[in-house]
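Enquirer: Mapping to our numbering: the sequence shown position 150 is 150, numbers consecutive.
No more than 25 Å apart at the CA atoms, straight line, and that leaves these computed lysine-lysine pairs for BS3-like:
no. : residue 1 : residue 2
1   : K53       : K86
2   : K86       : K107
3   : K83       : K70
4   : K107      : K53
5   : K53       : K96
6   : K83       : K107
7   : K53       : K83
8   : K107      : K70
Note that these hints are calculated values from the structure, not bench results.
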Amino acid sequence: MSHRSVRQLISYIDNQFSYIAHSYYNFFPSIKRTAMTSVTLNCLVIGEDPYTKCFSVDISTGRNINTLKKVINDDLISGVATKDLKLFQVDVPLGKTRDENVVARLKSGDLNIGLEMYNNLQQISDYFSAQPPITNLHILVQLPTVAIGESKI
Numbered sequence: 001m002s003h004r005s006v007r008q009l010i011s012y013i014d015n016q017f018s019y020i021a022h023s024y025y026n027f028f029p030s031i032k033r034t035a036m037t038s039v040t041l042n043c044l045v046i047g048e049d050p051y052t053k054c055f056s057v058d059i060s061t062g063r064n065i066n067t068l069k070k071v072i073n074d075d076l077i078s079g080v081a082t083k084d085l086k087l088f089q090v091d092v093p094l095g096k097t098r099d100e101n102v103v104a105r106l107k108s109g110d111l112n113i114g115l116e117m118y119n120n121l122q123q124i125s126d127y128f129s130a131q132p133p134i135t136n137l138h139i140l141v142q143l144p145t146v147a148i149g150e151s152k153i
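Construct the complete structure from the given sequences, taking the supplied hints into account.
Expert: Structure representation (structure tokens):
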């Protein structure tokens, strides 16, 4: 079989598959045509330096926020329960040169710059429908605080 014949056969099969898929979605209109894509999200624990402590996670946009928390928690190895993490969506350009104003703002835990991702069942695509800029910070992670008080015996 020649290369031309193989290409023609592949083209024919591809066209038939597209026709079948198109017919399927027309016959079942309630089924959404969604492409499962993944995004790389740059994360930072509040209080840490964004230029040296930022880390990335890859996750499918079809997953939910709770799964994102698990992936982040696995990367942190913090001993913190996943349910106790708080995530905030941010869009902070880090750029090529160190910006001390950005560092100070992120280290201070200024959460007014982000949107809390509080609903564990929401999908990642509700926050990131496409790959965000790869040099930006996307997620701030707030670890739970432990109150230390006087113990009474």
